[in-house]
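Novice: Fit chain B to the known structure of chain A by using the hints.
Which chain is which? The protein sequence lines are A and B, in order.
Be aware that the first sequence starts at 1, since it is given in our numbering, and climbs by one per residue.
Be aware that the second sequence starts at 1, since it is given in our numbering, and climbs by one per residue.
In case anyone wonders, no lab produced these hints; they're calculated from the structure.
Check each hint, because a few of them may be wrong.
When the alpha-carbon atoms are kept at most 27 Å apart in a straight line, the in silico DSS-like pairs for lysine-lysine are as follows [as the list claims (entries may be wrong)]:
id: 1; chain 1: A; residue 1: Lys316; chain 2: B; residue 2: Lys133
id: 2; chain 1: A; residue 1: Lys29; chain 2: A; residue 2: Lys176
id: 3; chain 1: B; residue 1: Lys142; chain 2: A; residue 2: Lys205
id: 4; chain 1: A; residue 1: Lys236; chain 2: B; residue 2: Lys144
id: 5; chain 1: B; residue 1: Lys89; chain 2: A; residue 2: Lys316
id: 6; chain 1: A; residue 1: Lys186; chain 2: B; residue 2: Lys104
id: 7; chain 1: B; residue 1: Lys89; chain 2: A; residue 2: Lys88
id: 8; chain 1: B; residue 1: Lys138; chain 2: A; residue 2: Lys205
id: 9; chain 1: A; residue 1: Lys283; chain 2: B; residue 2: Lys89
id: 10; chain 1: A; residue 1: Lys186; chain 2: B; residue 2: Lys144
id: 11; chain 1: A; residue 1: Lys145; chain 2: A; residue 2: Lys96
id: 12; chain 1: A; residue 1: Lys145; chain 2: A; residue 2: Lys29
id: 13; chain 1: B; residue 1: Lys89; chain 2: A; residue 2: Lys236
id: 14; chain 1: B; residue 1: Lys138; chain 2: A; residue 2: Lys236
id: 15; chain 1: A; residue 1: Lys283; chain 2: B; residue 2: Lys104
id: 16; chain 1: B; residue 1: Lys133; chain 2: A; residue 2: Lys236
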Amino acid sequence: MEKVSAEIRDVARKLLEEDKVDLIIGFEKGSLPFRATPCSIRDPKEVERLIWNSGCENNLAVYIPKKKERIGIIAKGCDSRSLMGHVKEKQIEREKLVIIGVPCKGMVDRKKVDRVLDGREALEIEEKSEELILKGHDFEEVVPKGDLLPDSCKTCTHRNPTLFDFMIGDNLDENKEADEFEAINKFEARSSDERWEYFTREANKCIRCYACRNACPLCYCEECCVDNSQPQWFGKSIELTDTQVFHIMRAFHATGRCVDCGACVRACPMDVDLRFLNKKIEKDVRELYSFEAGVDIDQPPPLSTFRPDDQDEFIK
Amino acid sequence: MEERNEASWEPKILAFLCNWCSYAGADLAGISRIQYPPNTRTIRVPCSGRVNPLFILRALQDGVDGILVSGCHPGDCHYLSGNYAARRKFAILDRLFEYIGIEKGRVQFSWVSAAEANRFAEVINEVTDEVRKLGPAKRLVKKKVE
Chain A
1 MEKVSAEIRD
11 VARKLLEEDK
21 VDLIIGFEKG
31 SLPFRATPCS
41 IRDPKEVERL
51 IWNSGCENNL
61 AVYIPKKKER
71 IGIIAKGCDS
81 RSLMGHVKEK
91 QIEREKLVII
101 GVPCKGMVDR
111 KKVDRVLDGR
121 EALEIEEKSE
131 ELILKGHDFE
141 EVVPKGDLLP
151 DSCKTCTHRN
161 PTLFDFMIGD
171 NLDENKEADE
181 FEAINKFEAR
191 SSDERWEYFT
201 REANKCIRCY
211 ACRNACPLCY
221 CEECCVDNSQ
231 PQWFGKSIEL
241 TDTQVFHIMR
251 AFHATGRCVD
261 CGACVRACPM
271 DVDLRFLNKK
281 IEKDVRELYS
291 FEAGVDIDQP
301 PPLSTFRPDD
311 QDEFIK
Chain B
1 MEERNEASWE
11 PKILAFLCNW
21 CSYAGADLAG
31 ISRIQYPPNT
41 RTIRVPCSGR
51 VNPLFILRAL
61 QDGVDGILVS
71 GCHPGDCHYL
81 SGNYAARRKF
91 AILDRLFEYI
101 GIEKGRVQFS
111 WVSAAEANRF
121 AEVINEVTDE
131 VRKLGPAKRL
141 VKKKVE
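Just chain A, with the same shape it has in the complex (with noise of 0.2 Å):
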């Protein structure tokens, strides 16, 4: 992790000094334990504050939309697939974007730690290779990394980037076992009573706070649909059918867009399983569309563009 931090701030220096970016975004050490937060570097004297481990879990693409400035930016495989569609989706130039890519085996769950942690409180938390290591007071603690990964990236299957102008390391292999949908073709087959139940209870822990929203790199728009008064689409209220509208057309917003990263999971004070949606559309897309986010540059986004032989069985 050291390695890659200091290639990180090599190549942020030098793009810096010879005038290529006007400002590196990427991570820095947080106040908690093993928190990293994003932070902006103007001056090449400063990018010893930048920092690389499994804690760098933020999508930083959320920063890019309608930025003027050049910009030189730190991205996992995740991130690099929503840089993406900012470029397609023309939030940003490409010319001014510099990606400074990556490959990422996994974030660290924060939620899991606060599981096994059960209370107590860490206050150093030292990364190894494959595990990590808690200690607080009274205890020292050491977990497999791969029991705190995130669900998003237990089954991430682009854990390169996709985009980048520099790559720091070498390139990981894919995992090619994991099933994305497998969670989704799972609940597909239980009743309709049942994912109505599933869908009303998720949603009636929303609190309606809007944090999935603003941790989320698509949701960019300068007046979201969600605060519109005039006209009002959306019941402002946490009534249970005014959550559920929100929830689906944050979900439908996302269609052919959403890449997976997880930031919204990671952002919701109330565990609503978000992800069960937004991955929903993701395999119909896939299905119907063969689109898969952030990989190809040239493929159009799936509903700006149509064929006529597109499936039509659903319509009388």
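Specialist: Relative to chain A, chain B alone:
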């Protein structure tokens, strides 16, 4: 929505009809005096591509029992590709609705041209029958504040 009485319940169906084909088809059905069930309320839209999924969700929230979105046949769109774009959107939406547990048949889509008055009546017949079988909508219906 008025109180529902089980015995005399009639489905309320909202039909989004595109101005150029389905709406004209409905008009032709009318002037040809073709009989079809009076359960649909029509909203005329410029194109099936105009129908935002939000319209559908809002209608369900407000308590309609069924929804029909109808546009021009593929290739016949007045705006050339509006219905193709709509088709992709609705394909995703249709699957998503079923996935979350909205009954199949609650929200339906069709292509009806301006000349297909008989077909329009048939579609309305079918949709009304199917929604009637499903019974009053319960899912996604917003409860009224007492």
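Novice: Holds or violated: lysine 283 (chain A) with lysine 104 (chain B), Cα cutoff 27 Å?
Specialist: holds, 19 Å
Novice: Run the distance test for lysine 316 (chain A) versus lysine 133 (chain B): straight-line Cα separation, threshold 27 Å.
Specialist: Since the Cα atoms of lysine 316 (chain A) and lysine 133 (chain B) sit roughly 18 Å apart, the hinted pair holds (cutoff 27 Å).
Novice: Has the given pair, lysine 236 (chain A) with lysine 144 (chain B), been kept, meaning a C-alpha gap of at most 27 Å?
Specialist: Status holds; Cα separation ~15 Å.
Novice: Is the Cα-Cα distance between lysine 186 (chain A) and lysine 104 (chain B) 27 Å or less?
Specialist: Distance of about 19 Å is within 27 Å: holds.
Novice: For lysine 89 (chain B) and lysine 316 (chain A), compute the direct alpha-carbon distance and say whether it is at most 27 Å.
Specialist: Since the Cα atoms of lysine 89 (chain B) and lysine 316 (chain A) sit roughly 16 Å apart, the hinted pair holds (cutoff 27 Å).
Novice: Are the Cα atoms of lysine 283 (chain A) and lysine 89 (chain B) separated by 27 Å or less?
Specialist: With a Cα-Cα distance of about 14 Å, the restraint between lysine 283 (chain A) and lysine 89 (chain B) holds, given a limit of 27 Å.
Novice: Given the hint that lysine 142 (chain B) pairs with lysine 205 (chain A), does the C-alpha gap stay at or below 27 Å?
Specialist: It holds: about 17 Å lies between the C-alpha atoms, which stays within 27 Å.
Novice: Please work out if lysine 145 (chain A) and lysine 29 (chain A) have their alpha carbons no farther apart than 27 Å.
Specialist: Measuring from Cα to Cα gives roughly 20 Å; hence the hint holds.
Novice: With a cut-off of 27 Å on the C-alpha distance, tell me whether lysine 89 (chain B) and lysine 236 (chain A) pass.
Specialist: holds, 25 Å
Novice: Does the structure keep lysine 145 (chain A) and lysine 96 (chain A) at a Cα separation of 27 Å or less?
Specialist: Distance of about 36 Å is beyond 27 Å: violated.
Novice: Please work out if lysine 89 (chain B) and lysine 88 (chain A) have their alpha carbons no farther apart than 27 Å.
Specialist: Distance of about 19 Å is within 27 Å: holds.
Novice: Check whether the Cα positions of lysine 138 (chain B) and lysine 205 (chain A) lie no farther apart than 27 Å.
Specialist: holds, 20 Å
The structure fails to meet hints 2, 10, 11 and 16 from the earlier list, while all remaining hints are met.
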